[in-house]
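Participant: These are the residues of each chain, in order.
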Amino acid sequence: MKKYLLLFVSSIVVFLFGCVMNTTITMTSTVNSTTLYTGDLSNYEESPCKNNPLSSDCYIPSGDLDFITPNPIEYTILEDFNNEVLNQQPMNWLLFSNSEYKRNGVYAKVIDDGFNKYVEMFSDGLQRPLYPQSAPNPTFIFSTKFNLDLARSGIAYADVMIPSENGNSVSVGVSTGAVNVISIIIDTDLSLLVKVGGPFFYYSQNGDGGIYHLTEIKLERDAWYSFRFDWDANTDFISAALVIEDEIIPLYSGKFHVSNRFNGQQNGQIYVPNVLKVTMPYGRSGIAYLDNVIVERRTEQS
Amino acid sequence: MTFVVIIGLYTTNNLQAKPTIVYTDEDYERLNAVIHHVENVLKYGHIYNEDTKLLPDAINTLTGEPAMWVFPNRAKVPYSNLANQQNFFRTLVALSQVTGSQKYKLEAMASLGEFMLNYQNPNGLMYWGGHRVINLDTLEVQSTESDNGPHELKNMLPFYELMLEVNEEATLKFIKQLWTAHFEWDTADLNRHGSYSTAFNTNVFGQNIIPDIIQFDSDGLPIIPDDSPGKLPFVNSATDLAYAAFTLSDYTGDPAPKIWAEYLMKQYYLASNPNTKMTVYQYKSTLVTKSPQECAIPTYTNSGCGDRVARQFRDFGLIARESNVQWKNTQAIYVDNILMLLEAANKYNIDYFVDWAKDYIEGYLDYTYIRINGKNMIIPMFNDGTVVYGYTTPEAGYYGPSNMRIGYVEMPTTYLLPILRTILSIEENSEKEKLWNYFREITETFGLGDVGPLGGTAPNLNLETAIDDPFAMMTMIELYNDTLVLDYLEVARTIGNNIVKERYHRGFFVESEIMLYSRLDQPETLALLILDGVIRGISSNDMPYYLADSGYIHGYLLADDGVTEDRSYSHRYIYNKTIYDWE
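For the protein sequence lines, the chains are A and B, in the order given.
Those letters in the first sequence? Residues 1 to 302, by this note's numbering.
Those letters in the second sequence? Residues 1001 to 1583, by this note's numbering.
None of these hints come from the bench; they were simulated from the model.
Note that the Cβ used here is the ideal one computed from N, Cα and C, for glycine as well.
A portion of the hints provided could be inaccurate.
Unchecked claim - So the derived label-pair ranges between C-beta atoms look like this:
#1 1140/B to 296/A: 29 to 39 Å
#2 112/A to 1580/B: 57 to 67 Å
#3 245/A to 1230/B: 50 to 60 Å
#4 1581/B to 112/A: 45 to 55 Å
#5 74/A to 1581/B: 45 to 55 Å
#6 282/A to 1394/B: 17 to 27 Å
Said to hold, decoys possible - Pairs of lysine-lysine residues, derived as DSS-like cross-links and limited to a Cα-Cα distance of at most 30 Å, are as follows:
#7 255/A to 1347/B
#8 145/A to 1076/B
#9 1375/B to 1258/B
#10 195/A to 218/A
#11 1076/B to 50/A
#12 1577/B to 145/A
#13 195/A to 1076/B
#14 102/A to 195/A
#15 50/A to 1105/B
#16 1375/B to 1328/B
#17 1434/B to 1501/B
#18 1043/B to 1076/B
#19 102/A to 1290/B
#20 50/A to 1328/B
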């Protein structure tokens, strides 16, 4: 019996040796399968890290990431469009459109009346951004950016004119991202309104289209008007004014927790304006003009 | 020096001889990359806010900071959404298994433990899913929709085994409330959105089963009811409900949840086209509740205006329904749902789920599969076989802009697993033949080589394949498990090496070298650990199981122009950022 057992064990050893020496192995199972490997097996060796994968010989922790976050850079706007190319959209400005907008359904191009260069803005009023749905989204959204995040206060100016021929309703003001902070609206009848806040429509879930303050001022067509917007996130102060020559005519001033009314953080950081935005409404076609867009630091003297 | 194959080791579920594999340095290099990734995720994930064990959903691989959701007002919220971290928890448990160190599993348990203790609504729902996150600055619950964003799971398939181990009471309450908040017992309306205000129902699953929702017309075709008031029974939500109910029955021994889960899955089966066998994304359409004035605007795609495909594809007549679309959301139908059905069939002996899976995937491949220019492609169509290829949409709608030409859709590698697992679940060889032939062609087209005739025991594989895809690797591992043909394992190793080479950068797994964020839910690390376990001789049945990679956040955010508001998904706005998009 022992002899047979020895013979059987010897056979197994010989068989295994044969397997080791061959680079192509065919495994026969006692049941029913073949195991095939057609690659080169000559360099296979058991890794010493197999059973000690976390030992210091095998795993050396990564060093710290060395990327240095750049310091934010503040920048303002001083835009009279005199250095812009005629019939082109001014540099550093964005004009919103999507695939549903018609070619030239909206445009903003620099024109020259012989004395001055400024921007002609047109909107066909036919399309608008998809979101937020059910909100009064404008068709025409023309914007440029600035950064006063460190100062957290500033002053913006913009000149607007509504022509007598094919004039449109227009709004201009400052926003924080997509959220209006304060803007003026010149309606089709040339009445002047101030809008504070809105839309940030869905997140607020209260149909927040902003709060409108009607002024008693009626503007005239074919006349340039200069508007001034002030904000100071340190004191939650905002204001809008009409500037005629050196006279500042207040339109609205008050407290507003800038851009934080429906913030992700109830008592957290306040995000200050960084966009100067001009819009023309959905459903109305026409033209307006824009010039002298300035964003500057707000000082005690200002 | 040697590569020894020893005969005579048997697994309990496979009578074939199981070879012992040499664990090489190259094998360890893959594991080493996974360890680095996990250690870095834990290190940077915890550094940001040391007051919590919660981790961010993704990490900026340049700075180590959490990914941020940017609201329309510029508010940046670092977010933790545990529904989107399930593959990371599976990775941690698997890493403990292969390294023998419990610290990784304990990390998973600590994170889940804190979450379940502090972020479960009294009604049972967790604050997670498509519209709710934890703000890692404040550790408060944050909605990305309205102020009161709903509960939504779509193929998240939580790691319930671990959750039950961590907090049994919270897990069981959640599973029960998942159904109460999303399912209406008397109408079978299923809402992907569940309310955090719905009271906990102590009699959940206690109702009698109702008649099937789907009835048939005189031609034997299913009638899809359009009476659901804004509640769309998307299959991706139903997959989560069914998976939860099966888990509950298995854990408690109560058969009622399992019966309801089978009922729910049956509605999709009944709604399938009986001729083509292609199935549906939903078994109901919505009731029109909005005014004609609101719905006159094509871009207003609220479901209260009725079936969104019927609106945008009205040229196709009655077949044009959201339920019948076979070119969009098909991952939810033919990958995630089928994987869940097969898992349930295997675990809970529901044999007819295998038949359904076979019907679905075979019908889908019969009609839609085509190889074009060396690529696996899908012919866009409705589930009766009506082809949509070449159609140009006349106006904008839920499925895209106007003037959009519908073309072929590339088939992703994720389809490999449901096809293979279906084949492996079928008992009769004669029933496998057709599906195997599709599988053979698809794998070869993906560049994996020829798996050979049915059974896969005589393959001619591409041992030096360039593919770097975890799903292809899982497929090779499962073929190896089934056949014990070592070539499959070698291809899996090659793919694993490719994954490390192409996707492991700056100490993290990323989609490619230039991508900025490393997502915790990415499937690569779990797949690599399953491979590592198999090489070590650990049965993949004993390791965390790959089911889905579907985590997302949906809501309102600041568009990339920095000026307009959009409503979109984390993977379209955050995880598509490259290292060049960030400063």
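Participant: Between the alpha carbons of residue 195/A and residue 1076/B, is the straight-line distance 30 Å or under?
Facilitator: Since the Cα atoms of residue 195/A and residue 1076/B sit roughly 25 Å apart, the hinted pair holds (cutoff 30 Å).
Participant: Take the C-alpha atoms of residue 1076/B and residue 50/A, compute the straight-line distance between them, and say whether it is at most 30 Å.
Facilitator: Violated, at roughly 43 Å.
Participant: Quickly compare the C-alpha distance for residue 102/A and residue 1290/B to 30 Å and report which way the hint goes.
Facilitator: Cα-Cα ~28 Å, so holds.
Participant: Under the criterion that the straight-line Cα-Cα distance not exceed 30 Å, is the pair residue 50/A, residue 1328/B satisfied?
Facilitator: violated (44 Å)
Participant: With respect to the beta-carbon atoms only, verify the hint that residue 1140/B and residue 296/A lie 29 to 39 Å apart.
Facilitator: Given a distance of about 37 Å, which is inside 29 to 39 Å, the answer is holds.
Participant: Hint check: residue 1577/B vs residue 145/A, CA-CA at most 30 Å. Holds or violated?
Facilitator: holds (21 Å)
Participant: Could you grab the alpha-carbon distance between residue 255/A and residue 1347/B and see if it respects the 30 Å cut-off?
Facilitator: violated (62 Å)
Participant: Do the alpha carbons of residue 50/A and residue 1105/B lie within 30 Å of each other, as the hint requires?
Facilitator: Holds. Residue 50/A to residue 1105/B sits at ~19 Å (cutoff 30 Å).
Participant: Run the distance test for residue 145/A versus residue 1076/B: straight-line Cα separation, threshold 30 Å.
Facilitator: holds (18 Å)
Participant: Just tell me: holds or violated, for the beta carbon distance of residue 1581/B and residue 112/A against 45 to 55 Å?
Facilitator: Cβ of residue 1581/B to Cβ of residue 112/A: about 37 Å, so the range 45 to 55 Å is violated.
Participant: Falls inside 17 to 27 Å, the C-beta gap from residue 282/A to residue 1394/B?
Facilitator: With Cβ atoms ~21 Å apart, the hint holds.
Participant: Does residue 1434/B pair with residue 1501/B here, judged by a C-alpha cut-off of 30 Å?
Facilitator: violated (36 Å)
Violated hints for the displayed structure, listed by number in ascending order: 2, 4, 5, 7, 9, 11, 17 and 20.
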